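Whenever a hint applies, use it, and build me the whole structure from the sequences.
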Amino acid sequence: MAKKAKSLSKKRLHEMYRDMLRIRRFEEKADELFMAGLIKGAVHVSIGQEACSVGACSDLNMDDAILTTHRGHGHSIAKGTRLNEMMAELLGKSNGLCRAKGGSMHIADVSMGHYGAHSIVGANMPMAVGMGLAYQIEGKGQVAVVFFGDGASNQGSFHESMNMCSIWKLPVIFFCENNGYAVSFGVGRSTAVEDISTRAQGYNAPGVTVDGMDVVAVHEATREAVERARKGEGPSLIEAKTYRFYGHSRGDPHFGPYRTESEVKEWRKRDPLLLAEKLLKMTKAEKKAHQKAVGDEMEAASEFAQNSPKATPESALEDVYA
Amino acid sequence: MREISYADALNEALHEEMEHDKKVICLGEDVELAYVFGVTKGLMDKFGASRVRDTPISELGFVGAGVGAAMAGYRPVIEIMFMDFVMLAMDPLVNQAAKLRYMLGGQICIPLVVRTPGGGGVQYGPTHSQVLEAWFMQVPGLKVACPSDPADAKGLLKAAIRDDNPVFFCEHKMLYKTKGPVPDGDHIVPFGQAAVKREGSDITLIGVGYQVQNCLRAADRLAGEGISAEVVDPRTVAPLDTATLAESVRKTNRCVIVEEGHLRSGVGAEIAAAIQEEAFDYLDAPIGRVAALNAPIPFEVELEDYVLPNEGNVVEAAKKAFGVIA
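Taken in sequence, the protein lines are chains B and P.
Oh and the first sequence: position 102 is 102 in this note's numbering, straight run, nothing missing.
Oh and the second sequence: position 92 is 1092 in this note's numbering, straight run, nothing missing.
For the record, the hints were derived by calculation from the structure and aren't laboratory data.
Be aware that a few hints might be false.
[As the list claims (entries may be wrong)] The following label-pair restraints were derived from C-beta to C-beta distances:
no. : chain 1 : residue 1 : chain 2 : residue 2 : range
1   : P       : L1293     : B       : I120      : 30 to 38 Å
2   : P       : A1049     : B       : P257      : 50 to 58 Å
3   : B       : V320      : P       : D1281     : 29 to 37 Å
4   : B       : G37       : P       : A1049     : 52 to 60 Å
5   : B       : S111      : P       : P1239     : 25 to 33 Å
6   : P       : D1021     : B       : P257      : 54 to 62 Å
Values in this document were obtained by computation on a predicted structure and should not be read as measured data.
Glycine included, each C-beta is placed from N, C-alpha and C at the ideal position.
Spelled out as structure tokens, the structure:
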């Protein structure tokens, strides 16, 4: 059960709840548009993992960076990515964030410090090393947070990047969302350690495992790691144990054959939104107000995206220089 | 004009560009002491440990770090000790550096240079002797430079560092100690401009990278047999200046393309296709191609010599274009 953090006011907790709800509703809307055939390709929703996104970004400034993954809508929204243009990108419109070149798996909003969803699993971690290196040279106290899953912790890039950040004491936070599955491969079978956070020991960096359904716990862990990074003390590894309530992607059933309905049901009892509502002792009126505001925002984003002009085929050759 | 070595010319370019722009940083294995090839020598002493850093042996990690530093507004120059090791860093180079500007709808640029020596002739065997420019010229989003002499090494590297987009910069082990004239001052060679390295009237020899030197040696021998060979160097294979190559062929009516990579899907295939498109009516003979034989580059000196192209192969191919079969 979540505990109230000293560093968070009630107002701030309401804002964090609101952000989690925005992620939930954005992805439900994206799912709806995907099922209606308006979004093509692949959409990987993070429903169930919202506390990770919001907690991890809760202590970041605009000029701090995030680098995310194929399952990155939540991180994007938590970092302040413009919703209308993000939805337009999902629909392949000319005014989408990536001009219809990237789609759901490559969302970026550099103006908000969002340096991209990188859909090659593990590819974003070396980039975080380089961003951390640049920030260290700049000396302005900026940090980079790189998100990845349990699966990516088995990529060489994770190990190379942790080591480099540690030897150079770079301001990078490695944020692992352990949702239990690399597509269909359970973490117990894919990964030699029970807690991925223990891998930090191999790189002489602090590693901590937190309840990824508890936005306050995630916030607390991230705040410490960010503080350490800003002070020039180097990287940290945070493992948030979490769960995706939906399948790997929209082509994937919600349960099985790799997981059971009862397992999903158990995790849903610890829905990060429910936990936050309990913590806040949220009234029905407060909840309704959040839902109304977020619902309107998502309807507007959906309308904006649907009414935006399609990208022209010829625009496929823009931003090509060689 | 003063004469300096290819390695020293590259070193000068790095010193000048690090002086010119404090966003230029150097990363790689052994870049601090530079005792293997010497290209980065003196940089750490002059520009300090924050801008010039030895990396662990983590090619994926440090090439990816170059991409990240470029995203954050720096102009990293990454050294890969041997070109063969780039295979460990294909993802950051091909999936990320080449695509990010495009994939993010123009929100960022990746001003990254990955410089690396390729090539055989030093008996390092199959995994330390390859030249791979043909692979990278196939990737939209990567520029590929192959300087063949000290002046171009300096001028192209300076252009690469100032470029806002990623460049794969192919150096050659056999060239590092070669001396040649290098202009004083801010010598920059723009990408996409081929150079005529020797004028001639009977046949065009197009060389890539170190093979330009074999073409020049072959041209000397051909002159002794009454054949005037023009040697043209594309200098960058992406972008590729097909206009200058075709112009030379329209003058000489014959052409041999020489590269050190393998024949199959090589740079020469691309150049030959361009020439037949732009100068088909001017060709008096089929376009000849010289490249490494279809085998990994072996260790033992006679085996290696057998597989790699040499000036004799170039002379033979040139004579074949005149109907002389050796």
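* **Hints breached by this structure** => When the structure is compared with the hints, none of them turns out to be violated.
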